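Undergrad: Sequence:
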Amino acid sequence: MVSVSDRKLPFFVYGTLRPGEANHGLFLRGRTRSEEPGRLVGAVLYDGPGYPYAVWGRGGVVHGEVVTALPEAYGELLAALDRLEEYVPGDPRNLYERVECEVTLGGEGRAVRAWVYVAAPSVCLLCV
Numbered sequence: 002m003v004s005v006s007d008r009k010l011p012f013f014v015y016g017t018l019r020p021g022e023a024n025h026g027l028f029l030r031g032r033t034r035s036e037e038p039g040r041l042v043g044a045v046l047y048d049g050p051g052y053p054y055a056v057w058g059r060g061g062v063v064h065g066e067v068v069t070a071l072p073e074a075y076g077e078l079l080a081a082l083d084r085l086e087e088y089v090p091g092d093p094r095n096l097y098e099r100v101e102c103e104v105t106l107g108g109e110g111r112a113v114r115a116w117v118y119v120a121a122p123s124v125c126l127l128c129v
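Its first residue numbered 2, the sequence shown is counted upward by one per residue in this note's numbering.
If you're looking for bench data, these hints aren't it; they were derived computationally from the structure.
As the structure is a computational prediction, the values presented were derived from the model and not from experiment.
The C-beta atom is built at its ideal place from N, Cα and C for all residues, glycine as well.
Treat the hints with care, since some could be wrong.
[To be verified] Pairwise CB distance ranges (calculated):
| no. | residue 1 | residue 2 | range |
| --- | --- | --- | --- |
| 1 | D48 | G76 | 27 to 33 Å |
| 2 | G76 | G26 | 18 to 24 Å |
| 3 | G91 | G43 | 21 to 27 Å |
| 4 | N24 | G58 | 36 to 42 Å |
[To be verified] Calculated lysine to aspartate or glutamate pairs in the EDC-like style (CA-CA distance at most 16 Å, straight line):
| no. | residue 1 | residue 2 |
| --- | --- | --- |
| 5 | K9 | E77 |
| 6 | K9 | D92 |
| 7 | K9 | E109 |
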């Protein structure tokens, strides 16, 4: 896990951003080059108050999609996802943190680096 940088990485999405879910069409349609099944090992999906979020948890696996943005849409998509997740770098009020993680592509089993929105430390206190 690495802190936020300016790297143009794919996104690992789960919950409402997956195909067929409410936010997929609103945020991803027309902005992606590819979407492939993937998994984040070492995390569990917690169905919180009104929204799901990934929490670090030994032995867990979160299933989702690895989304590669169209190059011309990358900045717009990054900003839109940050707004959706109410993520502001360094803000202690964040519900999510955007972190660089290793995720595994479902079909190939190949590891890739991707941005993942995971529960912020203040949210994780609610999970125990």
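Undergrad: Is the hinted range of 21 to 27 Å satisfied by the C-beta distance from G91 to G43?
TA: Holds - the Cβ-Cβ distance for G91 and G43, about 24 Å, lies within 21 to 27 Å.
Undergrad: Just tell me: holds or violated, for the beta carbon distance of N24 and G58 against 36 to 42 Å?
TA: violated, 24 Å
Undergrad: Can you tell me whether the CB distance of G76 to G26 sits inside 18 to 24 Å?
TA: holds, 20 Å
Undergrad: Can you confirm whether the C-alpha distance between K9 and D92 stays at or below 16 Å?
TA: Since the Cα atoms of K9 and D92 sit roughly 21 Å apart, the hinted pair is violated (cutoff 16 Å).
Undergrad: Is 27 to 33 Å a correct range for the gap between the Cβ atoms of D48 and G76?
TA: holds, 31 Å
Undergrad: Taking 16 Å as the top limit, are the C-alpha atoms of K9 and E109 close enough?
TA: violated, 22 Å
Undergrad: With the threshold set at 16 Å, check whether the alpha-carbon distance from K9 to E77 stays at or below it.
TA: holds, 12 Å
The earlier numbered hints that this structure contradicts are 4, 6 and 7.
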